[in-house]
Amino acid sequence: GAVVSQHPSRVICKSGTSVKIECRSLDFQATTMFWYRQFPKQSLMLMATSNEGSKATYEQGVEKDKFLINHASLTLSTLTVTSAHPEDSSFYICSARARDRGRLEQYFGPGTRLTVT
Amino acid sequence: ELKVEQNPLFLSMQEGKNYTIYCNYSTTSDRLYWYRQDPGKSLESLFVLLSNGAVKQEGRLMASLDTKARLSTLHITAAVHDLSATYFCAVEAYSGAGSYQLTFGKGTKLSVIP
Chain A
2 GAVVSQHPSR VICKSGTSVK IECRSLDFQA TTMFWYRQFP KQSLMLMATS
52 NEGSKATYEQ GVEKDKFLIN HASLTLSTLT VTSAHPEDSS FYICSARARD
102 RGRLEQYFGP GTRLTVT
Chain B
1309 ELKVEQNPLF LSMQEGKNYT IYCNYSTTSD RLYWYRQDPG KSLESLFVLL
1359 SNGAVKQEGR LMASLDTKAR LSTLHITAAV HDLSATYFCA VEAYSGAGSY
1409 QLTFGKGTKL SVIP
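Residue numbers (my numbering), protein chains in the order written: chain A, 2 to 118; chain B, 1309 to 1422.
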């Protein structure tokens, strides 16, 4: 089946620094990638949708200058949290969409736990 | 704006018992997903329901979809401890510019007690 990887799986950084999270589709090309954020004991909230080679579409309330998304190829999207603060500590999950047996399917990565101290 | 409501949000049940989790959504959609999430982990896909009346079963879990009522159910039969997890339903809807998005319910935290 389709596999999506994320790197790193865990990261701890100091307040004010930037962190980059990578999301890769390992055995398929993803037409669209999504970034979600999940705070403890809450649901997943969509942050942004990105298509290869074009600018990401951010959901209302998500600061695009703070959460930089680059979707440089059909297998790689990156999320950079700039000038991170403790309130950015969260579980970030990417997902990638591809056509599987004629249907568009969405596959989730394993997530990245970000802790900002 | 699509709203997805799950209930209950917390469910504590004894092993061997049956129970149902409900997922209501507010606008037309013909595609609904159920996911399982274990603590500290990402989502595991359980079911995708594509049409009205769809029913899928895997082990002790059975999911159904009624698109007219905008309701999906996840039924647990003879619960075992290994089913303890958080279960999310997610509804797919068109978001414009040829794109579809998933909107998640708040999740149901299931604890199965021996």
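What the hints contain is simulated information worked out from the structure, not anything from laboratory work. All figures in this text were calculated on a predicted structure; none of them were measured in a lab. Built from N, CA and C at the ideal position, the CB exists for glycine as well. Heads up, some of the hints might be wrong.
[Said to hold, decoys possible] Listed below are several chain B residues computed to face chain A (Cβ distance under 7 Å; list not exhaustive):
#1 S1350
#2 L1354
#3 Y1402
#4 K1414
#5 G1415
Results of checking the hints against the structure:
1. S1350: Nearest chain A Cβ about 4 Å off; hint holds.
2. L1354: It is violated, given that the least Cβ distance between L1354 (chain B) and chain A is near 12 Å, above 7 Å.
3. Y1402: Violated: closest Cβ of chain A sits about 12 Å from Y1402 (chain B), beyond 7 Å.
4. K1414: OK, holds: K1414 (chain B) within 7 Å of chain A, min 5 Å.
5. G1415: It holds, given that the least Cβ distance between G1415 (chain B) and chain A is near 5 Å, below 7 Å.
Hint compliance for this structure: hints 2, 3 are broken, all remaining hints hold.
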